[in-house]
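*Asks:* Each residue of the sequence shown is one higher than the one before, counting from 47 in my numbering.
Hints in this document: simulated from the structure, not taken from any laboratory. Just to be clear, a hint being listed does not mean it is correct.
Claimed, not checked - As a list, the in silico BS3-like pairs of lysine-lysine whose alpha-carbon atoms are at most 27 Å apart: (1) 166 x 264; (2) 264 x 201; (3) 166 x 201; (4) 65 x 166; (5) 65 x 197.
Bear in mind the structure is a predicted one, so any value in this text is a computation, not a measurement.
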Amino acid sequence: RRKMDGGLQTGELLLGPGKWLCIITGSSRGLGRSLAMVLAPRLPPASHLVLVARDGGGLLQLEGQLPAGRLRVSRVQADLSGEEGQQRLLSAVSSAQELEGPPDRLLLINNAGSLGDISKFAVDFTEPSEVNSYFALNFTSPTCLTASLLKAFPKRENFHRTVVNISSLCARQPFKSWSLYCAAKAARDMMFRVLAAEELDVRVLNYAPGPLDTDMQKAARSETADQELRQTFTDLHRDGQLIDCHESARKLVNILARDEFQSGAHIDYYDQ
């Protein structure tokens with residue numbers, strides 16, 4: 047059986063050698079938290095793991111559960127939907143680089159996101175401010191954060207850069223009453239596909255983690271306006287078909303460790 051603390055298991059691949067700078071947004075709970083716990087024992091010593099979320103208490107609790115001493119761990123409490131939060135993260139990363147020198151590998155996992163108001167159908171979104179606010183966190187933020195980090199850590203010899211977008215089946219299929227979520231996920235996928243086409247030295251992956259057993263999924267069962275979709279989620283929960291966040295996190299980290307994916311690809315939890 048796997049260990050819930052994210053410790054290294056038999057058959058799991060270590061990530062590539064060198065000093066990593068790994069940044070995970072939305073890391074105080076759910077998949078982001080699991081990714082931090084799974085990545086920490088698999089990063090080479092002296093690497094730097096940067097945990098980003100709005101919930102500072104959650105980040106502090108997470109840090110206390112990570113293996114002590116192997117890595118440098120930084121917590122950045124920030125709301126990434128605005129420029130101030132993004133600048134706080136960029137400043138923290140820049141300061142760290144001044145102290146530690148440049149990393150050998152950069153890994154950015156764009157995990158932060160929200161479900162939006164799923165009690166509405168597409169014809170109910172008449173207020174531009176509501177739509178703009180949703181897209182600020184769920185599209186503008188990962189787009190600008192990725193661009194800023196790639197500029198802060200430009201291409202150089204023997205420097206490996208990888209960007210992960212946490213995607214969804216919703217990027218490819220319409221879910222009734224999930225219009226904002228589906229639209230933002232589709233836009234993110236295409237943005238990162240274009241990035242992969244433009245920046246050939248950057249490894250880009252759109253990873254759909256599957257239906258996870260999280261607070262977001264709990265909200266889906268209680269707030270989804272479309273009754274058929276709500277019943278689908280209720281049935282998944284009742285039948286034990288939701289995926290444990292640690293399992294999906296391990297799948298993603300194994301994909302990154304093997305490093306065989308086509309840059310810009312969309313890979314689903316069920317694909318491998």
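*Asks:* Now tell me if each hint is right for this structure.
*Replies:* Hints, one by one, checked against the model:
1. 166 x 264: 17 Å, holds
2. 264 x 201: Not satisfied, since the Cα-Cα distance of roughly 42 Å exceeds 27 Å.
3. 166 x 201: 44 Å, violated
4. 65 x 166: Violated, at about 46 Å.
5. 65 x 197: 19 Å, holds
Comparing the model with each earlier hint shows violations of hints 2, 3 and 4; every other hint is respected.
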